[in-house]
Structure formats: C-alpha cells, structure tokens
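S.K.: Each chain is listed here by its residues.
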Amino acid sequence: MKQLLILSGKGGTGKTTVASSLIKLSSAKAFADCDVDAPNLHLVMAQDKEPIKKDFYGLDVARINQDKCISCDLCRQNCRFDAINVNEGYVVDNFACEGCAVCTIVCPADAIDMLPRITGNLSLYKNDHVFSTAELIMGSGNSGLLVTQVKKDLTQNTDAPLAIIDGSPGIGCPVIASISGVDMVLLVTEPTLSGFSDMERIIQTSRGFPAKIAVCINKYDLHKENSEKIEQFCEEKGISFIGKIPFDKAAVSLVNNGLTLVDKEGLSKEAIVGIYDKIMKLLYGEEKI
Amino acid sequence: MKIAVLSGKGGTGKTFVATNLARSAERCVYLDCDVEEPNGHLFLNGPLLSSSKVSLPIPKVNESLCDGCKKCVDFCRFNALAFVQNRVIVFDKICHSCGGCKIVCPQDAIYEVDREIGQIESRTYKNTQVFTGKLLPGEESGTSIIHELFDKIKPEDSLVIIDAPPGSACVVMDSIKDVDYCILVAEPSIFGSHNLKMVHELVKLFNKPHAAVLNKSLGEDNPSKDYCIENNIEILADIPFSQELGKLTAEGKLVVEYNNEAKELFKDLLDKIYKEVRI
Numbered sequence: 001m002k003q004l005l006i007l008s009g010k011g012g013t014g015k016t017t018v019a020s021s022l023i024k025l026s027s028a029k030a031f032a033d034c035d036v037d038a039p040n041l042h043l044v045m046a047q048d049k050e051p052i053k054k055d056f057y058g059l060d061v062a063r064i065n066q067d068k069c070i071s072c073d074l075c076r077q078n079c080r081f082d083a084i085n086v087n088e089g090y091v092v093d094n095f096a097c098e099g100c101a102v103c104t105i106v107c108p109a110d111a112i113d114m115l116p117r118i119t120g121n122l123s124l125y126k127n128d129h130v131f132s133t134a135e136l137i138m139g140s141g142n143s144g145l146l147v148t149q150v151k152k153d154l155t156q157n158t159d160a161p162l163a164i165i166d167g168s169p170g171i172g173c174p175v176i177a178s179i180s181g182v183d184m185v186l187l188v189t190e191p192t193l194s195g196f197s198d199m200e201r202i203i204q205t206s207r208g209f210p211a212k213i214a215v216c217i218n219k220y221d222l223h224k225e226n227s228e229k230i231e232q233f234c235e236e237k238g239i240s241f242i243g244k245i246p247f248d249k250a251a252v253s254l255v256n257n258g259l260t261l262v263d264k265e266g267l268s269k270e271a272i273v274g275i276y277d278k279i280m281k282l283l284y285g286e287e288k289i
Numbered sequence: 001m002k003i004a005v006l007s008g009k010g011g012t013g014k015t016f017v018a019t020n021l022a023r024s025a026e027r028c029v030y031l032d033c034d035v036e037e038p039n040g041h042l043f044l045n046g047p048l049l050s051s052s053k054v055s056l057p058i059p060k061v062n063e064s065l066c067d068g069c070k071k072c073v074d075f076c077r078f079n080a081l082a083f084v085q086n087r088v089i090v091f092d093k094i095c096h097s098c099g100g101c102k103i104v105c106p107q108d109a110i111y112e113v114d115r116e117i118g119q120i121e122s123r124t125y126k127n128t129q130v131f132t133g134k135l136l137p138g139e140e141s142g143t144s145i146i147h148e149l150f151d152k153i154k155p156e157d158s159l160v161i162i163d164a165p166p167g168s169a170c171v172v173m174d175s176i177k178d179v180d181y182c183i184l185v186a187e188p189s190i191f192g193s194h195n196l197k198m199v200h201e202l203v204k205l206f207n208k209p210h211a212a213v214l215n216k217s218l219g220e221d222n223p224s225k226d227y228c229i230e231n232n233i234e235i236l237a238d239i240p241f242s243q244e245l246g247k248l249t250a251e252g253k254l255v256v257e258y259n260n261e262a263k264e265l266f267k268d269l270l271d272k273i274y275k276e277v278r279i
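So the sequence lines, in the order shown, correspond to chains V and Z. Going by this note's numbering, the first residue of the first sequence is number 1, and it counts up by one from there. Going by this note's numbering, the first residue of the second sequence is number 1, and it counts up by one from there.
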C-alpha cells in the first residue's frame, strides 16, 4: 500500500480541504485523519454506517492513596513535570502527569499506583472504503501514540493500493508519528509570510524521513508575489512543486455543505486534478517533478 | 493581566488577533507559545536582542559501571532505553527526561547531560516585548519551552498576551492554565465551529473566563457564530473577510498600523477585554 500524507506546518492552509478533494477524486478506498487534536475530515466524508468505536489507552497516570501517604514530599520533589500538588493532601494533577512512574519508586510508603487512562476515542468506519479517525481527549499528552494507532487501524483493515492521510499542523509529536512509514508527504501551504516560514520548518522535519516531499499552494492568487517566492524556493531546494489552487469564495460553503473542491466544476477542481496526476507520478515512479 | 488567544483549528487568525491586539495596547508583553510554528515575531519584528537555549536533561550510561541488569530499560515507560548487544542505548528524542532510569540504577551508572530542544528569542517591537519559543525541527514536544516562556513574565507586567498553539492537547493546556482570560478565535466553517467547540470545552474545564472573536466572516451562514449564540459565548468582535487585511497580513504587516478601521476595531476589542476582566 502506498501512503500519502497531507501536512502543512501552519494550520488552516487547507490540509483537510485538499485531502478530502483528493479522496473524492481518486475514490480512495482507504483514508485516515491523523489530526487527533482537531479532527475535521469526518465532517466532509459522510459515512453510511456507524463507526466501530474503541477507547485508546495512553500512558498510565499516578494516583496517591491518601490512607497510605505519609506526606514525606519525596514524590513532589522528584516529579519533573510539577504534577504533584499539595492541597489538603498530596494529589496528582492528571493533566500534568506524563505517566513516568518516578513517584512510585521514590515513595517509601508504597502509596502510589499507576492506573490506566483513556486518552482518546478511536473510530473506524468500514463501508466500501475504510476510514480511520480519532479524537484526543482534551488536554491529553502523547498524541503521537494515538496517531500511530489511527494508522495501524487503517492499514490492518484494508489492502487498498493507496491510503490518503490528513495530518495535523505543527512539527511536533503527532506530526512525526504521522510521517513515519509514509511514501509521500504533500505540503499544503499558503502565500503568506507565516505559511512560508512554517513550510520551511515542516520541510526540515520531513527530511528526517525517507518519504518524498511535494508542495502545493492553496489560495495562491491572494498574494501572487509570495506564491512565486514559494515556487522559487522549492526549485532552489529541489522539492517537487506540484500545483496552485486559486482562492474560491465558494470553498467555505462547499465545506459547510459537506462537499469538496472537486464537487464543483471550475478552476479549483482543475487544480486538484493536476495535483493528483503529479502525486500519482511521484508515488509510482518519478523521483521528482 | 494575562490573556491567551486560542482557536482549536489552525489558521483562524490567532496570531493575527494576538499581534494586532498587542500593538494596540500602551505596553505589552507578547509570548509566542506556538513553539512548533511560531510566527508572531514576523509581525512584531523588532531586532533580535537575545536567544537562549532550552535544554532537557537526558541520560547517558557510564559503561564501565553498568552491569547489564536492565532495570533502567524495564522501568522506562516511554521505551526510550533498549538493551542491545550488552549495552544500554538511549533514544534521545523519545526520552521524556523524567530521571527515573537514574534513580533505579543500582550501579549509579547513569548520569544526565543537557540536550538542546529549542530556543527562546527576545525582541522589542515599539510598545511590545516579544518572547518567541522555537522548537527545533525533529523534536517531539515543546512543553518545557512553554514553561520557560511563562517564567519571562514579571510581576509588574500589566498586560501579557499569549499566542497559543492550535489544537486542544497538552501544549494548549500549558499555554492557558495560568492565564486570566481566553479569547477564542473562530472562522465561519464547520471545521471552525467543530474545533471551537473543542477549545470551548477546554476553557470551561479550566474555569477560564472567555469570549469569542469571529474572523474572516463572509456574511453568509456562520456555524461558529451559531455555536457562540447557542452557548452564550459573548462575541467581542466580528471581523469580516477582507482582501486588503489578508494582503497586509500575508506580507507580515500589522493591520492596525495600516488600516484605520482595523485600528479602531482592535482598540475597541482591547477596551472590551479590559472591561470583561475587571468584572
């Protein structure tokens, strides 16, 4: 199976809009949403059947047994995440606790247990296609573990030749977990100074992996000079530049009606078709475009 | 007073609101907590005054003392240690720096060294002191950078604006847990409203007073506006989509410095926030 991952660095450049359009256009039989912090792909990918839901257990969380605690303060002193507060007794701040279990080994009274905790909800849709998605429980850490599970649920439940994966913004743990193992990363950027700066950082991050990298610009005509700079940058760095999508005021209302850019004839659709062709060439042969 | 600007969804205009708001105040400290993709300094672009490293301690094994008991490997909950060919190997980037391996080692064979994960840059732009957290590409977590950013706040700082990362995970929580007020920036799509709901639940969980700013409104149906009305979230400003404001922002310019309407809008927004916080 070939895996295509959509990333951007900066948020709001149109990852999900592009991902959903590519899924529709290619009638993809396998896709996933790895933006577990703020998943949105399900909003435009209407599903016939209810998903198979399961809880995702992250790292355990510490709990102090008040009956055994002797208030020696050792747990608080040794916790590097400031996750132990002293109120009326010693209590663990569940949000700050990373589950390292250091407190359990320094406690002389054997008063601390590590308990399992649910950090996300996984949903797997099985129709004529397979769609794997998840939502991180608010304020949870280690979202990379959940991302890895989303991908595993997808790949274990289909033998489709192509999987399209919507990623998350940023360059940190969920992004790194999503890049691992994919064949190609498509970066969706926008012609703003912020979009450009963030693109450079996600390129640096992606280059630590063997995946091919390609760039497209969304809403390119909102600032043509900046778009040219981005295109030029890609050329200088030897990165495949595979398309420009024009700004379309109708895009928001398409999305709000659960549709994608390829559900309406026009320049946006043409751009997506061109991008898709180049993705296929890159995925199945050509080194660079 | 510490105000966090957050959104759930990326690209709704957190940095746009946070930087223009900062510029509208008399004096302000601005913390860019979006350490994975910090952009505030592109707008509040004073010369770089200083850059300090942010490091985390990671374990090293003194092989002459290690007897291969593997207690460290068994203890590590993050799988950052492995025992390969009779040696303990540390995977630096997976390590959470909890220090547990050092504590459990009966041979005292583990010591710690600092590993750089990012920087904090300091600038001054006109009325604003700008602190930018930057995570090095390839690093997993910037939470420790966010903690150090908050240490930059001095008791005498009357207004601190915090530009939070997108999402609703641990880094967002770290950015808002010590603030007095949260501004939720939302755009008029179902993506925007779905993610607005997520951060709204987060601020409620932390009992933070909050209000919304709607950005890039198209004058048509606006699911984010509907969500605010249904959930009694006060809308402090409704900023229409504008090619002109978009172009200025694309070029790294503060709209309050170029556009009078925007200047009035942000001044009004800041006044409203002051009133809200005082209540």
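There's no promise every hint is true.
[Unchecked claim] Footprint (simulated), chain Z over chain V, 3 or more residues, beta carbon under 8 Å:
no.	stretch
1	11–17
2	90–99
3	102–111
4	159–170
5	222–236
6	268–281
[To be verified] DSBU-like mimics (lysine-lysine), calculated; alpha carbons at most 35 Å apart, straight line:
no.	chain 1	residue 1	chain 2	residue 2
7	Z	Lys208	V	Lys24
8	Z	Lys102	V	Lys68
9	V	Lys249	Z	Lys225
Simulated from the structure, these hints should not be mistaken for lab results. The beta-carbon is built from N, C-alpha and C at its ideal position, and this holds for glycine as well.
S.K.: Against this structure, judge whether each hint is valid.
M.R.: Each hint tested on the structure:
{"no.": "1", "hint": "11–17", "verdict": "holds (count 4)"}
{"no.": "2", "hint": "90–99", "verdict": "holds (count 3)"}
{"no.": "3", "hint": "102–111", "verdict": "holds (count 3)"}
{"no.": "4", "hint": "159–170", "verdict": "holds (count 3)"}
{"no.": "5", "hint": "222–236", "verdict": "holds (count 3)"}
{"no.": "6", "hint": "268–281", "verdict": "violated (count 0)"}
{"no.": "7", "hint": "Lys208/Z to Lys24/V", "verdict": "40 Å, violated"}
{"no.": "8", "hint": "Lys102/Z to Lys68/V", "verdict": "26 Å, holds"}
{"no.": "9", "hint": "Lys249/V to Lys225/Z", "verdict": "18 Å, holds"}
Of the numbered hints given earlier, the model fails hints 6 and 7; all others are met.
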